[in-house]
Amino acid sequence: MDSSISGPDAYSPEFLTAVQRVLANEGGYSSNPDDPGGATNFGISARSHPGLAVAALTRDAAVEIYWREWWLRFGFAQLPAAAAAKAFDLAVNIGAGHAIECLQRALRACGLPVTEDGVIGAVAAAEAARADPAALMAALRSELAAHYRLVAANQGATGNKFLKGWLLRAYR
Numbered sequence: 476m477d478s479s480i481s482g483p484d485a486y487s488p489e490f491l492t493a494v495q496r497v498l499a500n501e502g503g504y505s506s507n508p509d510d511p512g513g514a515t516n517f518g519i520s521a522r523s524h525p526g527l528a529v530a531a532l533t534r535d536a537a538v539e540i541y542w543r544e545w546w547l548r549f550g551f552a553q554l555p556a557a558a559a560a561k562a563f564d565l566a567v568n569i570g571a572g573h574a575i576e577c578l579q580r581a582l583r584a585c586g587l588p589v590t591e592d593g594v595i596g597a598v599a600a601a602e603a604a605r606a607d608p609a610a611l612m613a614a615l616r617s618e619l620a621a622h623y624r625l626v627a628a629n630q631g632a633t634g635n636k637f638l639k640g641w642l643l644r645a646y647r
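For the sequence shown, position 103 (counting from the first letter as 1) is numbered 578 according to this note's numbering, and the numbering increases by one without interruption.
Don't read these hints as lab results, they were simulated from the structure.
A virtual CB, placed ideally from N, CA and C, is assigned to each residue, including glycine.
Fair warning: there could be bad hints in the mix.
Have a look at the derived ranges for each label pair, beta carbon to beta carbon [said to hold, decoys possible]: (1) Ala632 - Gln553: 31 to 41 angstroms; (2) Ala601 - Ala514: 31 to 41 angstroms; (3) Ala601 - Ser506: 36 to 46 angstroms; (4) Arg624 - Arg496: 14 to 24 angstroms; (5) Arg583 - Arg534: 32 to 42 angstroms; (6) Asp607 - Ala530: 22 to 32 angstroms; (7) Leu625 - Gly512: 35 to 45 angstroms; (8) Asn635 - Ala485: 14 to 24 angstroms; (9) Ala632 - Pro555: 31 to 41 angstroms; (10) Pro555 - Ala499: 15 to 25 angstroms; (11) Asn629 - Ser487: 29 to 39 angstroms.
Think about it this way: if two alpha-carbon atoms lie no more than 20 angstroms apart in a straight line, the pair counts; the simulated SDA-like pairs of lysine to any residue are [to be verified]: (12) Lys639 - Asn507; (13) Lys639 - Ile569; (14) Lys636 - Asn568; (15) Lys639 - Ala621; (16) Lys636 - Asp509.
Let the hints inform the model, and build the full structure from the sequences given.
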C-alpha cells in the first residue's frame with residue numbers, strides 16, 4: 476500500500492485499499508469537455524463540489540472527501556472487503572445509487588434475495604457477507620459492464636469514446 480496516504484487513525488485498512496484503487500483509476504487533474512463531471516482531480520468533480528479549488532486539491536484532501544462523503548455516507552464498510560472496494564470504485568465513477576444497484580443485481584444473480592433500491596442496508600450487507608466471494612465479484616463485474624454498455628449506447632458517440640476505459644474498469 477502507498478504510505479503517502481495519511482489520514483485520521485479512523486481510516487480502516489479496507490478503506491485505504493479501496494481508495495488506492497479509486498485514486499489509481501481516477502488519476503490526477505482532468506478537464507475533458509466531454510466529461511459531464513467537468514473538471515476533476517483524483518475523481519473529485521467541480522460540479523459536485525462548487526467552490527472547491529479542484530485543480531489545487533491535494534491527494535490527502537481527496538482521501539478525506541472519499542472517507543466522509545462516500546465510504547461512510549453510503550455504507551461501503553458494511554460489505555466484504557473485495558465487494559466494498561469494487562462497489563466504492565464504481566460509485567465514484569457512476570454514482571453511488573447506480574453502483575449499489577449493480578451490486579444488488581449481482582447478489583440476486585448469486586441467488587440471494589435482495590431488493591434493488593440503491594442503498595446498502597442490513598439485508599444487502601448480510602447477503603453480501605453470505606455470498607460466495609468469487610461468484611459475487613464475477614456477477615458484479617458483469618452487471619457493471621452491462622451498465623456501461625447501456626450508458627454508452629444512450630450517449631452515442633460521446634459514450635462510445637469512453638466505453639473501452641469503462642469496460643476495463645468494470646472487469647478489473
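Results for each hint:
no.: 1; hint: Ala632 - Gln553: 31 to 41 angstroms; result: 39 angstroms, holds
no.: 2; hint: Ala601 - Ala514: 31 to 41 angstroms; result: 39 angstroms, holds
no.: 3; hint: Ala601 - Ser506: 36 to 46 angstroms; result: 42 angstroms, holds
no.: 4; hint: Arg624 - Arg496: 14 to 24 angstroms; result: 22 angstroms, holds
no.: 5; hint: Arg583 - Arg534: 32 to 42 angstroms; result: 37 angstroms, holds
no.: 6; hint: Asp607 - Ala530: 22 to 32 angstroms; result: 44 angstroms, violated
no.: 7; hint: Leu625 - Gly512: 35 to 45 angstroms; result: 19 angstroms, violated
no.: 8; hint: Asn635 - Ala485: 14 to 24 angstroms; result: 41 angstroms, violated
no.: 9; hint: Ala632 - Pro555: 31 to 41 angstroms; result: 38 angstroms, holds
no.: 10; hint: Pro555 - Ala499: 15 to 25 angstroms; result: 21 angstroms, holds
no.: 11; hint: Asn629 - Ser487: 29 to 39 angstroms; result: 36 angstroms, holds
no.: 12; hint: Lys639 - Asn507; result: 16 angstroms, holds
no.: 13; hint: Lys639 - Ile569; result: 15 angstroms, holds
no.: 14; hint: Lys636 - Asn568; result: 15 angstroms, holds
no.: 15; hint: Lys639 - Ala621; result: 13 angstroms, holds
no.: 16; hint: Lys636 - Asp509; result: 9 angstroms, holds
Figure legend: structure checked against the earlier numbered hints; hints not met, in rising order: 6, 7 and 8.
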